[in-house]
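*Asks:* Here are the chains, one letter per residue:
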Amino acid sequence: MSYLDIQSLEVRFQDFALQHVSLTVEQGQVFVVLGPSGSGKSVLLETIAGFYTPASGTIRLAGRDITHLPPEDRHIGFMFQDYALFPHRTVAENVRFGLRNRQGRDDHTLKILEMLGITHLQDRKPLTLSGGEKQRVALARALVAEPQLFLLDEPLSALDARARDAVREELKHLLKSLGITAVYVTHDQTEGLVMADRMAVFNKGQVLQSGLPADIFSRPVDKFVAYFVGMETIVSGTVVSNGEGSCIVAVGGIQMQAAGDLSPGKPVTVGIRPEDVTLSEPGANLSDPANHLRATVRSIVPLGPIFKVTLDCGFELVAFVIKEGYIELDLQEGKEVVAFVKPSAVHLIT
Amino acid sequence: MAQQLEQRRAGWASGALGRRSLLLVFWAIGGIFLFLVLSPIVQLFANQTPAGLSSVAAIPSVQSAIFLSLATAAITAVVAAILGTPLAYALVHSTFRGHGIIDALVDLPLAVPHTVAGIALLLVYGRTGFIGGPAESLFGLQFYNAAIGIVVALLFVSSPFMINSAKLGFASVDPRLEKVARTLGASPWRVFREVSLPLSIRSVLTGMLLTYARAISEIGAVIVLAYYPMTAPVKIYTLFLETGLPESSAMAVLLLAITLSTFMVFRYLAYGRPASGGKQ
Numbered sequence: 069m070s071y072l073d074i075q076s077l078e079v080r081f082q083d084f085a086l087q088h089v090s091l092t093v094e095q096g097q098v099f100v101v102l103g104p105s106g107s108g109k110s111v112l113l114e115t116i117a118g119f120y121t122p123a124s125g126t127i128r129l130a131g132r133d134i135t136h137l138p139p140e141d142r143h144i145g146f147m148f149q150d151y152a153l154f155p156h157r158t159v160a161e162n163v164r165f166g167l168r169n170r171q172g173r174d175d176h177t178l179k180i181l182e183m184l185g186i187t188h189l190q191d192r193k194p195l196t197l198s199g200g201e202k203q204r205v206a207l208a209r210a211l212v213a214e215p216q217l218f219l220l221d222e223p224l225s226a227l228d229a230r231a232r233d234a235v236r237e238e239l240k241h242l243l244k245s246l247g248i249t250a251v252y253v254t255h256d257q258t259e260g261l262v263m264a265d266r267m268a269v270f271n272k273g274q275v276l277q278s279g280l281p282a283d284i285f286s287r288p289v290d291k292f293v294a295y296f297v298g299m300e301t302i303v304s305g306t307v308v309s310n311g312e313g314s315c316i317v318a319v320g321g322i323q324m325q326a327a328g329d330l331s332p333g334k335p336v337t338v339g340i341r342p343e344d345v346t347l348s349e350p351g352a353n354l355s356d357p358a359n360h361l362r363a364t365v366r367s368i369v370p371l372g373p374i375f376k377v378t379l380d381c382g383f384e385l386v387a388f389v390i391k392e393g394y395i396e397l398d399l400q401e402g403k404e405v406v407a408f409v410k411p412s413a414v415h416l417i418t
Numbered sequence: 107m108a109q110q111l112e113q114r115r116a117g118w119a120s121g122a123l124g125r126r127s128l129l130l131v132f133w134a135i136g137g138i139f140l141f142l143v144l145s146p147i148v149q150l151f152a153n154q155t156p157a158g159l160s161s162v163a164a165i166p167s168v169q170s171a172i173f174l175s176l177a178t179a180a181i182t183a184v185v186a187a188i189l190g191t192p193l194a195y196a197l198v199h200s201t202f203r204g205h206g207i208i209d210a211l212v213d214l215p216l217a218v219p220h221t222v223a224g225i226a227l228l229l230v231y232g233r234t235g236f237i238g239g240p241a242e243s244l245f246g247l248q249f250y251n252a253a254i255g256i257v258v259a260l261l262f263v264s265s266p267f268m269i270n271s272a273k274l275g276f277a278s279v280d281p282r283l284e285k286v287a288r289t290l291g292a293s294p295w296r297v298f299r300e301v302s303l304p305l306s307i308r309s310v311l312t313g314m315l316l317t318y319a320r321a322i323s324e325i326g327a328v329i330v331l332a333y334y335p336m337t338a339p340v341k342i343y344t345l346f347l348e349t350g351l352p353e354s355s356a357m358a359v360l361l362l363a364i365t366l367s368t369f370m371v372f373r374y375l376a377y378g379r380p381a382s383g384g385k386q
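Respectively, the protein sequence lines represent chains A and B.
Last residue of the first sequence: 418 in the numbering used here, with the numbers rising by one and none dropped.
Last residue of the second sequence: 386 in the numbering used here, with the numbers rising by one and none dropped.
The set of hints was computed from the structure by calculation and includes no laboratory data.
It should be emphasised that the depicted structure is a prediction, and the values quoted were computed from it without experimental measurement.
One thing to keep in mind: the hints can contain errors.
[Unchecked claim] In silico lysine-lysine, DSSO-like type, Cα no more than 30 Å apart, as pairs:
| no. | chain 1 | residue 1 | chain 2 | residue 2 |
| --- | --- | --- | --- | --- |
| 1 | A | Lys391 | A | Lys403 |
| 2 | A | Lys244 | B | Lys285 |
| 3 | A | Lys240 | A | Lys376 |
| 4 | B | Lys285 | A | Lys179 |
| 5 | B | Lys285 | A | Lys272 |
| 6 | A | Lys240 | B | Lys285 |
| 7 | A | Lys376 | B | Lys285 |
| 8 | A | Lys334 | A | Lys403 |
So here's chain A without its partners, still in its complex pose (with noise of 0.2 Å):
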């Protein structure tokens, strides 16, 4: 049996429920639940916590069944989005808080003060640290109560983004390091990539999709879930041919070749990454065994370091374009180009 095993979750609200969430995490994993806001995603993880009771359905946490425990007999460690430091105590005696035994207890808070690298900040109130020392001193609160397992609530969405990356970098770090179990909520998929061993696209209080993020983010079930692991091009095609595990489909009034066996007649979802999809003057390299598509620009937009450009080749294609492509092709509205986009890099969702 997994380390945390979750079958059959329902939880019922007036206007929403969670329904039948199925999950398993292994001891040391990192899962990732990746959904819009609104999802459900906090909703799992605060029944997961205790504070909603399950209609139906399991929580088993290292062999032992917590469905209907109270919280502060989970052993669970809940992140919450700002941290939810207490604002009326020190950092130390935010931290001291958790301690469930009371001997030894200035010596265990000071080796993970210590360990953290916030054995400076102790005596300052939560109100004067920045958002990456409060998640320091939250995860420095929960350790010390020595969860089984860690839930992470959006844990980064509250810094700006400067700080976003480099605190991903350290928690990632610090969870691995630790050899922590957690379930994790995010709603972006960056992050989500980044952090998750495993993961599960979250949507209307349903588990879509899960498995290894690679599988996820290539081989997406359903348009919701290829919409939100990035994919910007969402476009219906039908199967036209097939053999030696790629086939020929139709979109849009052109023809695309697609890896995947699948029979001729099929109606199918075709979802194409935009960082998949490269740009060059017309009639280059057309020997090249990627599709080329004739296009013509719609619109460039700026977003930061890339360019997003929209393309019409028959069907509306998304292209991330890296500044140095963007001067060299002068891409301009209006402008034409051709598109490769690789057939294992077009992705057939029946």
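Based on these hints, arrange chain B on the given structure of chain A.
*Replies:* Only chain B this time, still in chain A's reference frame:
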């Protein structure tokens, strides 16, 4: 809070003309209100002579009435906090059907004329009331015309101030703080003691202060249930009826001055600093 204040001041300093004229008009309207409130009180103080004040202050029944008012108001504030704080917490955290009705009932004393409250209290705590009767025959405890009756009346009329203020405090505690405390192994009792209550303590103290102020000013309910021993407002009223304005207004000024100073002291004790007080 301080930041908001700074921002507001900065907006003022930048001298947006429209904003300035808006504030001017609002101060002018507000001035009418302030005049309405302050003019009788200023006049009350202006009418006094030191001789008149000291002669009234020397009357034993005046002294005992003022002392009784301060004492019963202080006791009321403490009892209200002991009884009202748990109720406020329960109201904020309960989800059962119908707790909204209890919520509304809490405000009822605000809408009941205080003489009506006094009569209703008399029916319960009077000599033949269902509590007053047994209390007297079993324990010799008399509410009618007794200090404890005064406290009961004061509790009735001031309870909404205590409960609503504490409710505001408990409702403003981030539920995530209470949740995270549970995950750290704290029982609901410990969470209340170490998280919810400390974070709401200012609101509870504010409730006590409002209760104290309301209790000192009460006459309607008190006069019906306990005409004697006389609280200060009752004594002022009888002085007014018996001797007219000079003595009653002199005692009124004494009561106001003493009340204000005790109010300042409590405020200081509660918030740690005079007048400017409030939350940080």
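*Asks:* For every hint, state whether the structure bears it out.
*Replies:* Status of each hint after checking the structure:
1. Distance hint between Lys391/A and Lys403/A is fulfilled; the C-alpha atoms sit about 17 Å from each other, no more than 30 Å.
2. Using a Cα cut-off of 30 Å, the hinted pair Lys244/A and Lys285/B holds, with the two alpha carbons roughly 26 Å apart.
3. Our distance criterion of 30 Å between C-alpha atoms is met by Lys240/A and Lys376/A, whose separation comes to about 29 Å.
4. A hinted pair counts as satisfied when its Cα atoms are at most 30 Å apart, and Lys285/B with Lys179/A qualifies at roughly 25 Å.
5. For the hint linking Lys285/B to Lys272/A, the alpha-carbon distance of about 24 Å falls within 30 Å, and the restraint holds.
6. With a CA separation close to 24 Å, the supplied pair Lys240/A and Lys285/B stays within the 30 Å bound.
7. The hinted pair formed by Lys376/A and Lys285/B fails the criterion: a straight-line CA distance of about 42 Å is larger than 30 Å.
8. The suggested pairing of Lys334/A with Lys403/A is violated, with an alpha-carbon distance near 34 Å, which exceeds 30 Å.
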